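**Q** So you can see what is in the structure, the chains are spelled out below.
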Amino acid sequence: MNNVKLKMKNFAKISALLAVLSVSSFSQEQPPAPSSPRTVKIPAVQEKTLPNNLKVAVVTRKNVPLVTVELLIKSGANLENAREAGLADMTASLLTKGTKTRSATEIAEEMEFLGGSISAGAGWNLSQVVVSVMPDKLDKAMAIMSDVVLNPAFDQKEIDLLKSQTLDNLSFSLKQPGFLASYVASKYSFDEHPAGGTVDSINAITQQQIVGFHGNEYSPGNAVLIFTGDITALKANALAQKFFAGWKDSLATVRGVGLVQNEVSNAVVKRILVVDLPNAGQASVNYTKNLPNINRERVDYYFPASVMNSVLGGGYSSRLNQEIRIKRGLSYGAGSSFAWRMAKSNFSTRTQTKNESAGEVAELVAKEIERLGSGDVPAIELTPRKSVLTGDFGRDLETTGGLAGQVAELYLFNLSLAELNSYMANVNSVTSMQIKNFASANLKGGDIIIVGDSKMFMDDLKKRFPKTNIKVVESDELDISKDDLKK
Amino acid sequence: MKKRVIGIILSLAGTLALFGPPTQVAAQKAPATGVAPLLIRQRILPNGLKIISLQDNSSPTVAVNVWYNVGSKDDPQGRSGFAHMFEHMMFKSTRNMKSEMMDRMTEDVGGFNNASTWDDFTNYYEVVPSNYLETLLWAESDRMVNLNVDEATFKSERDVVKEEFRQRILANPYGRLFGQYIESLSFTTHPYKRPGIGNLDELNAATNTDADEFYKTFYRPDNATLIVVGDFNQAQFDAWVNKYFNRVKKPAGTIPRVTVTEPSRTKEMRYTRTAPNVPFPAVAITYLAPPSKSADIPALRIAETILAGGESSRLYQSLVYEQQIAQQANFSTDVRVDGGLLNFIAIMSEGHTAAEGEKSLLDELKKIQGAPVTAKELEKAKNQLITRAYQEREQNDGKAFAIGQAIIYEGNANAVNSDIKKLQAVTIADVQRVMKKYFTDSNRVVIYYQNEEAKGNNE
Numbered sequence: 001m002n003n004v005k006l007k008m009k010n011f012a013k014i015s016a017l018l019a020v021l022s023v024s025s026f027s028q029e030q031p032p033a034p035s036s037p038r039t040v041k042i043p044a045v046q047e048k049t050l051p052n053n054l055k056v057a058v059v060t061r062k063n064v065p066l067v068t069v070e071l072l073i074k075s076g077a078n079l080e081n082a083r084e085a086g087l088a089d090m091t092a093s094l095l096t097k098g099t100k101t102r103s104a105t106e107i108a109e110e111m112e113f114l115g116g117s118i119s120a121g122a123g124w125n126l127s128q129v130v131v132s133v134m135p136d137k138l139d140k141a142m143a144i145m146s147d148v149v150l151n152p153a154f155d156q157k158e159i160d161l162l163k164s165q166t167l168d169n170l171s172f173s174l175k176q177p178g179f180l181a182s183y184v185a186s187k188y189s190f191d192e193h194p195a196g197g198t199v200d201s202i203n204a205i206t207q208q209q210i211v212g213f214h215g216n217e218y219s220p221g222n223a224v225l226i227f228t229g230d231i232t233a234l235k236a237n238a239l240a241q242k243f244f245a246g247w248k249d250s251l252a253t254v255r256g257v258g259l260v261q262n263e264v265s266n267a268v269v270k271r272i273l274v275v276d277l278p279n280a281g282q283a284s285v286n287y288t289k290n291l292p293n294i295n296r297e298r299v300d301y302y303f304p305a306s307v308m309n310s311v312l313g314g315g316y317s318s319r320l321n322q323e324i325r326i327k328r329g330l331s332y333g334a335g336s337s338f339a340w341r342m343a344k345s346n347f348s349t350r351t352q353t354k355n356e357s358a359g360e361v362a363e364l365v366a367k368e369i370e371r372l373g374s375g376d377v378p379a380i381e382l383t384p385r386k387s388v389l390t391g392d393f394g395r396d397l398e399t400t401g402g403l404a405g406q407v408a409e410l411y412l413f414n415l416s417l418a419e420l421n422s423y424m425a426n427v428n429s430v431t432s433m434q435i436k437n438f439a440s441a442n443l444k445g446g447d448i449i450i451v452g453d454s455k456m457f458m459d460d461l462k463k464r465f466p467k468t469n470i471k472v473v474e475s476d477e478l479d480i481s482k483d484d485l486k487k
Numbered sequence: 001m002k003k004r005v006i007g008i009i010l011s012l013a014g015t016l017a018l019f020g021p022p023t024q025v026a027a028q029k030a031p032a033t034g035v036a037p038l039l040i041r042q043r044i045l046p047n048g049l050k051i052i053s054l055q056d057n058s059s060p061t062v063a064v065n066v067w068y069n070v071g072s073k074d075d076p077q078g079r080s081g082f083a084h085m086f087e088h089m090m091f092k093s094t095r096n097m098k099s100e101m102m103d104r105m106t107e108d109v110g111g112f113n114n115a116s117t118w119d120d121f122t123n124y125y126e127v128v129p130s131n132y133l134e135t136l137l138w139a140e141s142d143r144m145v146n147l148n149v150d151e152a153t154f155k156s157e158r159d160v161v162k163e164e165f166r167q168r169i170l171a172n173p174y175g176r177l178f179g180q181y182i183e184s185l186s187f188t189t190h191p192y193k194r195p196g197i198g199n200l201d202e203l204n205a206a207t208n209t210d211a212d213e214f215y216k217t218f219y220r221p222d223n224a225t226l227i228v229v230g231d232f233n234q235a236q237f238d239a240w241v242n243k244y245f246n247r248v249k250k251p252a253g254t255i256p257r258v259t260v261t262e263p264s265r266t267k268e269m270r271y272t273r274t275a276p277n278v279p280f281p282a283v284a285i286t287y288l289a290p291p292s293k294s295a296d297i298p299a300l301r302i303a304e305t306i307l308a309g310g311e312s313s314r315l316y317q318s319l320v321y322e323q324q325i326a327q328q329a330n331f332s333t334d335v336r337v338d339g340g341l342l343n344f345i346a347i348m349s350e351g352h353t354a355a356e357g358e359k360s361l362l363d364e365l366k367k368i369q370g371a372p373v374t375a376k377e378l379e380k381a382k383n384q385l386i387t388r389a390y391q392e393r394e395q396n397d398g399k400a401f402a403i404g405q406a407i408i409y410e411g412n413a414n415a416v417n418s419d420i421k422k423l424q425a426v427t428i429a430d431v432q433r434v435m436k437k438y439f440t441d442s443n444r445v446v447i448y449y450q451n452e453e454a455k456g457n458n459e
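Going down the list, the protein sequences come from chains U and H.
So in the numbering used here, spot 395 of the first sequence is number 395, and the numbers just go up one at a time.
So in the numbering used here, spot 166 of the second sequence is number 166, and the numbers just go up one at a time.
Keep in mind that the hints were calculated from the coordinates and are not lab data.
Predicted model, so just to flag it, every value in this text is computed and none were measured.
Accuracy of the hints is not assured; some may be wrong.
Listed below are the simulated DSS-like cross-link pairs for lysine-lysine, each with C-alpha atoms no more than 25 angstroms apart in a straight line [to be verified]:
#1 H:Lys267 <-> H:Lys436
#2 H:Lys421 <-> H:Lys437
#3 H:Lys376 <-> U:Lys137
#4 H:Lys193 <-> H:Lys98
#5 U:Lys327 <-> H:Lys436
#6 H:Lys382 <-> U:Lys62
#7 H:Lys98 <-> U:Lys327
#8 U:Lys137 <-> H:Lys267
#9 H:Lys422 <-> U:Lys455
#10 H:Lys382 <-> U:Lys140
#11 H:Lys421 <-> U:Lys137
#12 U:Lys327 <-> H:Lys422
#13 H:Lys243 <-> U:Lys137
#14 H:Lys376 <-> U:Lys140
Here are the in silico distance ranges between beta carbons for each label pair [as the list claims (entries may be wrong)]:
#15 U:Lys367 <-> H:Lys367: 25 to 31 angstroms
#16 U:Asp160 <-> H:Ala371: 29 to 35 angstroms
#17 H:Thr209 <-> U:Glu419: 30 to 36 angstroms
#18 H:Asp238 <-> U:Gln322: 25 to 31 angstroms
#19 H:Lys376 <-> U:Glu381: 55 to 61 angstroms
#20 U:Asp200 <-> H:Val260: 40 to 46 angstroms
#21 H:Leu362 <-> U:Asn169: 23 to 29 angstroms
#22 H:Val258 <-> U:Ser429: 44 to 50 angstroms
#23 U:Ser164 <-> H:Lys367: 24 to 30 angstroms
#24 H:Glu322 <-> U:Lys367: 51 to 57 angstroms
#25 U:Ser429 <-> H:Glu151: 41 to 47 angstroms
#26 H:Val260 <-> U:Asp476: 43 to 49 angstroms
#27 U:Glu419 <-> H:Glu151: 45 to 51 angstroms
#28 H:Thr209 <-> U:Ser481: 30 to 36 angstroms
Where chain H lies over chain U, by a calculated footprint (3+ residues, C-beta under 8 angstroms) [stated by the list, open to error]:
#29 46-59
#30 79-93
#31 123-134
#32 396-403
Built from N, CA and C at the ideal position, the CB exists for glycine as well.
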């Protein structure tokens with residue numbers, strides 16, 4: 001891919017700013033207008049494929065003596081069944097806990113002696129190993145990286161320790177209203193399982209399953225090795241050859257993903273779920289919507305959805321934060337996001353408020369979902385919300401880690417690397433009509449999930465949503481492997 | 001999340017950021033040893049405002065920071081949490097700007113803004129496309145003198161801060177320990193004993209008049225530093241600074257300073273505190289630290305990295321990996337101008353008690369006091385700190401932050417370029433010396449923190 005310089009559409013931004021300022025009274029001073037913008041430089045990606053089918057992508061960026069190396073495996077929690085939830089993440093986490101020739105302690109010791117770091121984990125559609133180190137130490141760091149990917153030991157002692165750590169961490173997280181709300185939503189709203197696992201699934205995972213997941217999924221044909229930072233393509237390719245050429249491709253089967261018809265509902269809120277957490281310091285109020293036919297690969301959905309999210313709940317001045325925090329002081333912050341998936345996607349809004357105001361906040365969220373699907377987004381609002389996305393994107397490219405993440409996302413979803421260059425133009429081309437259409441077709445008919453001290457908001461909640469069925473589960477009784485969510 | 005207190009809450013995460021070594025200018029390679037210096041320019045305006053600039057045109061963005069020399073330690077009497085709440089008000093209306101106009105000039109054009117209140121300072125920062133630099137300099141100069149917050153806005157924003165309190169302190173199982181008890185039980189006299197987030201009663205007591213008074217007292221050019229890093233032309237920048245900041249008048253009168261000193265501890269103190277929904281007990285062992293300008297700080301930083309930097313560190317290896325009694329074991333140097341804290345902290349794992357945590361943490365302390373660290377441990381710690389310095393300063397705002405901290409903690413922006421040399425000069429003997437000097441039995445406070453069911457108080 002070539003370097004392409006994009007000019008940000010700053011004229012519209014200036015107009016928006018001046019429009020805001022023009023209401024000032026005569027005694028006030030006007031801020032100086034911006035000068036003409038400089039262009040954002042999108043770096044070039046150089047790609048090569050090794051004989052074992054491992055793709056190698058390199059983005060050179062030399063202003064800081066740092067290199068990030070990310071190995072992307074295109075398999076994650078999506079390949080687990082609910083009974084083995086957490087398998088992908090546990091497999092990835094165990095890579096750095098010992099190889100045939102290095103103990104867990106030796107891996108940490110060697111990498112940290114280089115001043116570098118190695119981390120491994122899994123998400124819904126991916127697993128990854130990420131190394132960050134100074135360029136003069138990269139050769140030694142890559143030796144460790146390839147060893148953990150190719151020769152992990154999966155020692156039973158390490159599996160047992162990781163399990164007990166994961167379970168401890170889970171009991172801590174499940175006492176927090178915000179985490180608990182997302183955890184419940186995975187089953188209740190999204191018909192998935194939590195990628196981090198449940199108490200039962202973590203206990204049930206075996207060494208054999210872990211070895212099997214690694215054997216099936218960690219294969220060069222299912223992987224991309226991404227270098228970003230202070231390194232040339234020549235050097236990166238030589239290192240890839242040296243440390244990963246011996247990795248045998250086990251020809252992972254291509255997994256088909258079907259599209260499911262989305263369910264359109266007239267009611268904004270279809271169901272309400274309350275998880276009672278006595279003595280909770282706040283209530284978490286979430287709105288969740290399953291999007292069975294929306295996915296990252298569909299550029300015709302992705303960009304309108306992203307801009308829509310920026311309007312609704314992406315960033316400080318988005319509508320949810322305006323209504324809940326800035327206008328009413330009901331929360332420290334409110335926002336929304338999509339979890340993009342290979343076949344389907346999930347949408348959530350999130351905020352925390354004092355228990356007494358949970359019902360009021362739930363109503364405000366529902367109102368904003370409704371408004372998006374029925375009204376226009378005026379240009380004076382739309383243009384700044386696009387700038388939030390393009391600005392974040394440009395800044396993300398300033399770090400080696402951010403750059404690697406952007407490149408990895410394109411590979412993961414089989415998108416063209418040219419999307420790096422067209423991202424800003426794609427965002428800027430989204431119209432108010434597209435947003436309204438997307439929201440009315442996809443966002444309504446979701447769930448309100450409230451986790452908090454229910455005695456402080458139940459009566460009020462019932463009054464505000466008289467026609468909606470409210471299901472209540474005690475946090476002590478919760479079991480998300482059951483259809484009724486109860487043990 | 002925006003507009004926040006950091007202070008103690010971050011220090012628990014084991015951040016080593018406070019004295020990060022200096023970093024590179026654009027397109028510079030690391031020198032054979034150490035880190036290339038930041039080529040900063042400094043000047044002081046007649047009104048006392050300090051100006052630090054660092055030009056780097058590699059990306060078309062610029063970071064604009066204003067650091068005020070006022071922090072939570074300056075909270076008025078009976079108004080714990082006020083400096084932080086006031087920080088929120090700085091995003092409200094001025095004579096020339098409507099409320100939230102900072103967001104229009106930053107977020108709306110593809111940048112961002114935020115601020116944080118620490119024990120010793122409050123920093124306001126923006127990153128914007130570089131063609132908005134003049135606009136932001138104007139805005140920062142405007143809110144330095146023209147803030148004008150009405151009562152309704154004050155009350156609404158106070159509710160936001162109360163929600164922030166609930167989210168950080170009440171909704172998090174360990175929020176009370178890290179955000180309240182460590183400070184309130186570790187200091188007896190210095191205002192550091194009052195947690196920066198405050199408490200609901202004192203937040204409720206605060207008025208709009210308090211805000212006016214606080215603003216007049218502390219928000220003035222001779223109590224601030226403007227730090228700008230990124231894509232600009234030096235002569236143009238200097239001219240804009242002259243235009244927008246020279247006109248800010250230096251008020252009469254002096255700025256009140258905290259002069260109270262925390263007395264040395266004379267004997268070990270022990271406390272037990274409880275809270276709802278705490279899944280596992282935790283223990284914090286705190287020691288009073290020397291002031292931020294102390295020559296012992298670099299050796300304490302190295303010790304911090306040896307004890308708690310990564311999974312090969314001593315505390316992780318002992319408590320988490322070998323004994324498996326804790327899910328987190330940490331040591332952090334919470335450096336403050338008037339002397340902060342040196343904290344050992346463990347959050348226990350299932351079935352293990354705070355007392356076990358205390359014993360194992362103190363065993364590790366005895367080890368590092370009793371025998372020299374190895375040459376390899378020392379070199380590893382230095383390598384980790386150098387890499388971390390580069391990672392923190394990949395972007396303009398990270399460099400501006402490092403410069404700001406050098407000013408607050410060492411009284412000198414150039415310290416950003418000498419700190420790394422000090423870290424690299426630390427010897428094995430230095431580490432052992434500081435560990436013996438500060439970690440005495442009489443300088444110890446021990447806090448056990450557990451679920452309130454343990455005292456039979458679960459409703």
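**Q** Decide if the proposed pair is consistent with the structure: lysine 327 (chain U) and lysine 422 (chain H), CA atoms, cutoff 25 angstroms inclusive.
**A** 49 angstroms, violated
**Q** CA of lysine 382 (chain H) to CA of lysine 140 (chain U), is that 25 angstroms or under?
**A** 18 angstroms, holds
**Q** Please test the hint of 41 to 47 angstroms on the beta carbon pair from serine 429 (chain U) and glutamate 151 (chain H).
**A** 45 angstroms, holds
**Q** Keeping to a limit of 25 angstroms between CA atoms, is the pair of lysine 376 (chain H) and lysine 137 (chain U) held or broken?
**A** 16 angstroms, holds
**Q** Given the hint of 44 to 50 angstroms, check if valine 258 (chain H) and serine 429 (chain U) actually sit that far apart at their C-beta atoms.
**A** 55 angstroms, violated
**Q** So does threonine 209 (chain H) sit 30 to 36 angstroms from glutamate 419 (chain U), Cβ to Cβ?
**A** With a Cβ separation near 54 angstroms, threonine 209 (chain H) and glutamate 419 (chain U) fall outside 30 to 36 angstroms, so the hint is violated.
**Q** Does the beta carbon distance between threonine 209 (chain H) and serine 481 (chain U) stay inside 30 to 36 angstroms, or does it fall outside?
**A** Distance hint for threonine 209 (chain H), serine 481 (chain U) is violated at roughly 57 angstroms.
**Q** For the pair we were handed, lysine 422 (chain H) and lysine 455 (chain U), check the Cα-Cα distance against 25 angstroms.
**A** Violated - the C-alpha atoms of lysine 455 (chain U) and lysine 422 (chain H) are around 57 angstroms apart, more than 25 angstroms.
**Q** Against chain H, does the region 46-59 of chain U show at least 3 residues with beta-carbon separation below 8 angstroms?
**A** violated (count 0)
**Q** Keeping to a limit of 25 angstroms between CA atoms, is the pair of lysine 382 (chain H) and lysine 62 (chain U) held or broken?
**A** Judged against 25 angstroms, a Cα distance of about 23 angstroms means the pair holds.
**Q** Starting from the range 29 to 35 angstroms, see whether the pair aspartate 160 (chain U) and alanine 371 (chain H) falls in it by beta-carbon distance.
**A** Taking Cβ atoms as reference, aspartate 160 (chain U) and alanine 371 (chain H) lie about 31 angstroms apart, which means the hint holds.
**Q** With a cut-off of 25 angstroms on the C-alpha distance, tell me whether lysine 421 (chain H) and lysine 437 (chain H) pass.
**A** 23 angstroms, holds
Hint check: violations occur at hints 4, 5, 8, 9, 12, 13, 15, 17, 18, 20, 22, 28, 29, 30; the rest are consistent with the structure.
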